[in-house]
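Colleague: Hints given; two lone chains; assemble the complex.
Spelled out from the first residue to the last, the chains are:
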Amino acid sequence: MDETDTELVHSVRRGDRRAAGRLLQRYLRACRAVALAVTGVEADADDVCQEAFVVAVERIDDCRDPAKFGKWLLQIVRNRARNLVRSNVGRRLVPLVDTAPAPGPSPAARVERLELRERLLGALAGIPEQHREVILLHDLEGWKHREIGDRLGLPEGTVRSHLHHARRRLRQILEDGGATE
Amino acid sequence: MSDLERMDFSALDPGRDPERWSRLMDATRLRVEAALADRAGATGALDILGAWYRPILAAAAAVALMFGAADAAIAGRGAALEGTSHARRLAALSDNSLGRGFRPSGAALMVALGSRSVP
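Protein chains in written order, with our numbering: chain A, 8 to 188; chain F, 32 to 150.
Just chain F, same shape as in the assembly (with noise of 0.2 Å):
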């Protein structure tokens, strides 16, 4: 016999088993179906994940905002607070240099000025 020639496999052909061969590919089609329904969760959950995205980041920043204002209000009534010490400190300079009947230094105009640092 020639190496040409086919070789006879019939007996491992599944088509000779048809109710076997149509077993294997059912289960496989709803396997495979399954598989690609999980799929279409997974790929719908990541859509749902988008899709809320920009919302939560939205809210995210208006948060953001909110705290950020609040803050920069705590933060001016504190200037206010130190800017009526500050007053306060000038008018008990102006007070003393008047009653004592002296002219206040300028260091001590820094230093009621609030300043840190006396040059």
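Chain A extracted, bound-state conformation (with noise of 0.2 Å):
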């Protein structure tokens, strides 16, 4: 049986680096959806997610409730995450494409990805940054409804109503030409 969150903080605190290690697998790939929707940029939201673990494990005494120690991660990621934006803005130049190219069974299907990358993170970036949060890790990182308005500290119908807004003007986005507001 899984251990619970709580178990795995008390045991991080000890010093437990397997514990650490789980907390890892359990979160890395939400903890990049959320820097990945506020940045934009997947090379930013990489080194987001490394450094918000760090932040984390060394804090782990600051972390309140145990149980809620999704949140609490989730709310140091989203705030690096904010603190780079902030600290980028008038440096980048092409905002929310990553231009490091993926791997792929050939050159042509790796410019397809990347141009679809391109227009999914161009898309993204036209709509509000908690729906962009909500419909990634519900429709990429496969959360429900639940556990999304457990993690960002919304009601579940609050969530539901995000990712029906966030799906709509996406695909309107999309069918648009990927042009944003």
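Derived by calculation from the structure, the hints in this document are not laboratory data.
All residues carry an ideal CB built from backbone N, CA and C; glycine is no exception.
Mixed in with the good hints, there may be bad ones.
Cβ-Cβ distance ranges computed for the label pairs, FRET-style [what the hints assert, rightly or not]:
no., chain 1, residue 1, chain 2, residue 2, range
1, F, L61, A, R21, 13 to 21 Å
2, A, D23, F, A101, 51 to 59 Å
3, F, A65, A, T13, 23 to 31 Å
Here are the simulated lysine to any residue pairs, SDA-like style, with alpha carbons at most 20 Å apart [to be verified]:
no., chain 1, residue 1, chain 2, residue 2
4, A, K151, F, R37
5, A, K151, F, A103
6, A, K151, F, E64
7, A, K151, F, A123
8, A, K78, A, V118
9, A, K78, A, E163
10, A, K78, A, G149
Stretch-level coverage of chain A by chain F, calculated; a stretch enters the list once three of its residues show a Cβ under 8 Å from a Cβ in chain F [said to hold, decoys possible]:
no., stretch
11, 27-40
12, 124-135
13, 167-178
Modeller: If you want it as structure tokens, here you go:
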């Protein structure tokens, strides 16, 4: 049976590396989804996740409710991602697009995938940050409405509403050729 | 397409590039373990301080006791010297009174005994 967040947090406080590894496996993808929702850049999202996890371990004693470790961690991710975006304002020439190509079966497929990523990231930039978090955690990470509500501190109804509006707006943007408002 | 249908974000799935994802996991794990080691080090330093606290306090108490004893000894010696000078003054007063044939007054006795305020 999987250990609860509470058990893992207490183990990490005692210096248990294995418990820290379990939390990493449990939350790294979600952290990346939230970081990507804020930064819009995959490489930045990766950096933010790494930093946020290290900060979380360093400050694990500050996690007042270990049962809500996920919510606490995602808040750290969000804050660091926002700081990064603020520090990048004026420096980034091509926002919201990660140009590093992912390996694919052929150069053509890689170009196609890169274009799709650019379109998706461009479309995501056209909806509110919280909607981006909700839709990425639900449609990319497969979290349930209740899980998202717990971890983002939102009522389940609000999660459903954000998801509905996010999907509608994203489809609209993508149908219009990726133009953001 | 319905808004109830899941959107396809597979192009943004970090799992699409397992090598990159694995590098991110490994790098993060290494940094997390380093942070845990630092935490353990910091806790260890506190433990060492905690372990030393009582002996240091005991040593400080012993030193304070020694100084206190020395101080008390010096103060005692001073008291003895003072007592000697009182005795000497009393002896001089009685010698005078016997030699000159008068009884010392109360005030003279008080002065000989070291009282600063003479009633």
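Colleague: Hints first: check each against the structure and report whether it holds.
Modeller: The hints, checked one at a time:
Checked against the hint of 13 to 21 Å, the C-beta distance between L61 of chain F and R21 of chain A comes to roughly 20 Å, which is consistent with it. In this structure the hint that D23 of chain A and A101 of chain F lie 51 to 59 Å apart at CB holds, the actual value being about 53 Å. A65 of chain F and T13 of chain A have their C-beta atoms about 25 Å apart, which keeps the hinted 23 to 31 Å range intact. For the given pair, K151 of chain A sits about 12 Å from R37 of chain F by alpha-carbon distance, which is consistent with the 20 Å threshold.
The hinted pair formed by K151 of chain A and A103 of chain F fails the criterion: a straight-line CA distance of about 78 Å is larger than 20 Å. Simply put, K151 of chain A and E64 of chain F have alpha-carbon atoms about 31 Å apart, too far for the 20 Å limit, and the pair is violated. Restraint check for K151 of chain A and A123 of chain F: the C-alpha separation of about 106 Å exceeds 20 Å, so the hint is violated. This hinted pair does not check out: K78 of chain A and V118 of chain A have alpha carbons roughly 36 Å apart, beyond 20 Å.
Of the pairs offered as hints, the one joining K78 of chain A and E163 of chain A holds, with about 15 Å between alpha carbons and a cut-off of 20 Å not exceeded. Restraint check for K78 of chain A and G149 of chain A: satisfied, since their Cα atoms lie roughly 17 Å apart, inside the 20 Å limit. Judged by the Cβ-Cβ criterion of 8 Å, the stretch 27-40 of chain A is covered by chain F as claimed, because 7 of its residues qualify and three suffice. Against chain F, the stretch 124-135 of chain A contributes 3 residues with a C-beta closer than 8 Å to a partner C-beta. That satisfies the three-residue criterion, and the hint holds.
For a cut-off of 8 Å, the count of residues in the stretch 167-178 of chain A with a CB near a CB of chain F stands at 5, and the three-residue condition holds.
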